[in-house]
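K.L.:
Residues per chain are reported as follows:
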Amino acid sequence: METYAVLQCIWWLLLGVLLIGLAVMVGMDMGVGTILRYVGRNDVERRVALNIIGPHWDGNQVWFILGGGAVFAAFPLIYATAFSGFYVVMLLLLWSMIMRPLGFEYRSKLPSTSWRNVWDWALFISGFVPMVVFGAAFGNLFHGVPFHFEWNLTSHYTGSFLALLNPFAILCGLLSLSLSVFMGSTTMMNGGENEIYERARNLARISAIVAIVLFAIGGFWVHGMAGYSIAHGPGAGVPQTPLQQGVSRVDGSWFANFAAHPLLWVVPVLGFAGMLAGGLAANARRSHLAWWLGAVAWLGVIGTAGTALFPFLLPSSSTPDQSLTIWNSSSSELTLAWMVGFAAVFVPLIIWYTSWAFYVMRGKVKADHIVNDEHAY
Amino acid sequence: MHDMNVVDLSRLQFALTALYHFLFVPLTLGMTFMLAAMETVYVITGREIYKRITQFWGKLFLINFALGVATGLTMEFEFGTNWSFYSSFVGDIFGAPLAIEGLMAFFLESTFVGLMTFGWDRLRPGQHLAVTYLVALGSNLSALWILIANSFMQLPEGAHFNPATMRMELTSLSDLIFSHDAQAKFVHTSIAGYVTAAVFVAGVSAWYLLKNRHTDLARRSFRMAVLFGVLATAGVITLGDALGFVGAQAQPTKLAAMEGLWKTEPAPMPFNLIAFPSQKYQTNYGEIQVPYALSLLVTHSLTGNVPGVDELEQDATQRIRDGIPAVSALKTLSANPGDPDALAQFHAHEKDLGYGFLVQRYAPDVTVATDDQIATAARDAIPQVAPVFWSFRLMVALGLAMLAYFVLAVIYTMRNIVERKRWFLVIAVWMIPVPFIACEMGWVVAELGRQPWTVFGVLPTWMSASTHSVGYMIFSLIGFVTLYTIFIIVEMYLMVRAIRRGPDDGHDAHSPHTSQAARLAGYAEG
Chain A
1 METYAVLQCI
11 WWLLLGVLLI
21 GLAVMVGMDM
31 GVGTILRYVG
41 RNDVERRVAL
51 NIIGPHWDGN
61 QVWFILGGGA
71 VFAAFPLIYA
81 TAFSGFYVVM
91 LLLLWSMIMR
101 PLGFEYRSKL
111 PSTSWRNVWD
121 WALFISGFVP
131 MVVFGAAFGN
141 LFHGVPFHFE
151 WNLTSHYTGS
161 FLALLNPFAI
171 LCGLLSLSLS
181 VFMGSTTMMN
191 GGENEIYERA
201 RNLARISAIV
211 AIVLFAIGGF
221 WVHGMAGYSI
231 AHGPGAGVPQ
241 TPLQQGVSRV
251 DGSWFANFAA
261 HPLLWVVPVL
271 GFAGMLAGGL
281 AANARRSHLA
291 WWLGAVAWLG
301 VIGTAGTALF
311 PFLLPSSSTP
321 DQSLTIWNSS
331 SSELTLAWMV
341 GFAAVFVPLI
351 IWYTSWAFYV
361 MRGKVKADHI
371 VNDEHAY
Chain B
1 MHDMNVVDLS
11 RLQFALTALY
21 HFLFVPLTLG
31 MTFMLAAMET
41 VYVITGREIY
51 KRITQFWGKL
61 FLINFALGVA
71 TGLTMEFEFG
81 TNWSFYSSFV
91 GDIFGAPLAI
101 EGLMAFFLES
111 TFVGLMTFGW
121 DRLRPGQHLA
131 VTYLVALGSN
141 LSALWILIAN
151 SFMQLPEGAH
161 FNPATMRMEL
171 TSLSDLIFSH
181 DAQAKFVHTS
191 IAGYVTAAVF
201 VAGVSAWYLL
211 KNRHTDLARR
221 SFRMAVLFGV
231 LATAGVITLG
241 DALGFVGAQA
251 QPTKLAAMEG
261 LWKTEPAPMP
271 FNLIAFPSQK
281 YQTNYGEIQV
291 PYALSLLVTH
301 SLTGNVPGVD
311 ELEQDATQRI
321 RDGIPAVSAL
331 KTLSANPGDP
341 DALAQFHAHE
351 KDLGYGFLVQ
361 RYAPDVTVAT
371 DDQIATAARD
381 AIPQVAPVFW
391 SFRLMVALGL
401 AMLAYFVLAV
411 IYTMRNIVER
421 KRWFLVIAVW
431 MIPVPFIACE
441 MGWVVAELGR
451 QPWTVFGVLP
461 TWMSASTHSV
471 GYMIFSLIGF
481 VTLYTIFIIV
491 EMYLMVRAIR
501 RGPDDGHDAH
511 SPHTSQAARL
521 AGYAEG
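Taken in order, these protein sequences are the chains called A and B. The first sequence begins at 1 in UniProt numbering and counts up one residue at a time. The second sequence begins at 1 in UniProt numbering and counts up one residue at a time.
Bound-form chain A, shown alone (with noise of 0.2 Å):
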């Protein structure tokens, strides 16, 4: 019983640190789309953006696969209520993503401009789309999403996509997207010269502003919302269905977990000094530096949202009863024990082999380089 709740909890970090891996390399790839022609003017500064993150886009988006990967099997009914329930966002989050692989491939294969343009917009796209819809996603998880179960617990959404894109979850589409941004902008000052360093500094500058802006109104915000709390049910590491707790909705009850241990104030506020700090090195031109403090951000950003919504993962707001919460949607404890093993062997070596492929490729990529080499994007 005590070993479930254990490893409930382990899953929940687990889960955190695979959504800040997506977000920090992930949202590097994508961000560096976003600002890809506002970066490079020309076809030969497009090509040197594109190869800065050439040798890594493919590994860094397994986190994304792995992220999912993860909720399926330690959260098996969160994967099937959220997919299901968010269809025409996801379909959207992954008809732009689809486009992310071709872009990068098959972009610089003909010599045509417009061509070229036409894959220039679909990274564009599958850039700026899929971190808006990754932040709005967790906005739609304060508000909470309406769902349902039947007995044999057959989901059912009952709300519109358009729902999906309130006031709220928009906001925190546009924070995601300004550190994606934030994190492009510093990885192109580490692999870029000249004008595109330039360019991307002053792009870095912006978005660590526009982020700590939408930071502290997204705090303020969720502080006059109700959240929700559990009344009664089965409790942690006991077997049981959603269909067993009853949950009760109390306006600034998202902020508890902070009132009643005031040391997770440090995560919040690793948030803000993540980003405060990344602008300034940006500012004064120590990117790699600025890109750690990005992914310190955003462990800081995640890290709020979850501890804001401990032990909730996805709450319902038609039928709060049947909220979604870390004790009534996870994997078994055989399955969650052998997931935590096989994760405590392979990220650790994940992590030393992405970091050996870095420091091969390490350097400033030159324009004369890639207008020369037949392998380069």
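Everything labelled a hint here was simulated from the structure, so no lab data went into it. All C-beta atoms in this analysis are idealised placements derived from N, C-alpha and C, irrespective of residue type, glycine included.
Partial pick of chain A residues on the chain B-facing surface, computed with a CB cut under 8 Å:
1. G68
2. H156
3. T241
4. F342
Result set (DSS-like, lysine-lysine): computed pairs, CA atoms no more than 27 Å apart in a straight line:
5. B:K211 / A:K109
6. B:K211 / B:K51
7. B:K263 / B:K351
8. B:K59 / B:K211
9. B:K211 / B:K421
10. B:K263 / B:K280
11. A:K366 / B:K59
12. B:K51 / A:K366
13. A:K109 / A:K366
14. A:K364 / B:K59
15. B:K51 / A:K109
16. B:K59 / A:K109
17. B:K351 / B:K331
18. A:K364 / A:K109
Starting from the structure of chain A, add chain B where the hints point.
P.N.:
Relative to the frame of chain A, chain B by itself:
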């Protein structure tokens, strides 16, 4: 309650997107190993030609790989978006291999494919070779975990239904991983990928030989490909037989459909070489049979019995009747998880729970299911015979044709007369689509033959879909068809263009056309 149109449209969408994805996967599986083999020759001999060979085929590989990666995303999404009941019902088991695939295989493949492409000047030859091998290892491990997940749907081992959580839960990871079906299917499928790559490389090389372009590269590539191909094709056929042997025990309904077997007959049973099955009258027209062969093939003996559709339908009827109390007990347990009577009733009938779900499609309250409804549900337990029957025969016939082709190719290559056999080179070019069709047919046999179940004997397909409106399904179908059509046109265009241009290096001594072609291509580049 599920709208049946939504279930059908979800199936159509899944079939289209999976078959599309599976156009790129086998080639990836095989090409990564062929690239590793070519590069090994380069590193050992140090001869530049093999580096150019590796880089040229690597370029074609990447055009294919990009679309494989892109369309693989769809598969992961679809479980959640379109098959949400399936996802929550078996996610505890099915999600694990998918996540492990990401951790163990996909990261490896994707991280190193970047270094493989961009690292030629940054890595020492030995290091680059290691990177190429890691990509091959990654892509094949990826297939392993996906097929372990798929095999759970074919032969659900290592799991049980937990009434406290109302879903299937893992009881043994090793039973899941070392399921016979998973092992047999992994080797059959991955080696089918090696065959695909071998036919592809041999076919493109043959085209160069016919055009008398890049002949040095083409001759060497052709030789390597056909050696690789003859071994792989022999393997794929042997292992296909093993898979049939394992599958026959796991899914007798699929086997009956594959063989067009309507009635159980005394052993040794004949094999239907050709037949025109009629689902309605449960009989075959125009049968051409090989005596004894079915018993030999399926049971590896002359005395083995293979149950026909008539017997399987009777079994299903009985299991549906036994499954009804399990479903009704579950409904009680959902409202009152502690009810001891319901728990006892459930445990007495749990092994037939899935069959109870089969009749729930016709009788939402299963306790009042009529004999007619039970009979209809039992008929559902048999998959569509004709498409499974013919897909299987097409797959096997194409497999045998490829074996014959590779054997001839090896003989001609060894005797160094292949370039004089122009007709054979033409055949080699025309062989390119063959393994792709065979792979797709294999998918159809495996997945259509499993119907009406998503998880065989446990979860019917009709229950597995999400509760959407038909409008949503049509919207998504149109989106996929539009995008995928554009993508395949673009991909084919780039692939053909890259092949036409060849390795644009201009110093292929045996081919006077090359430098001219490269110059023209240079003009085209502007």
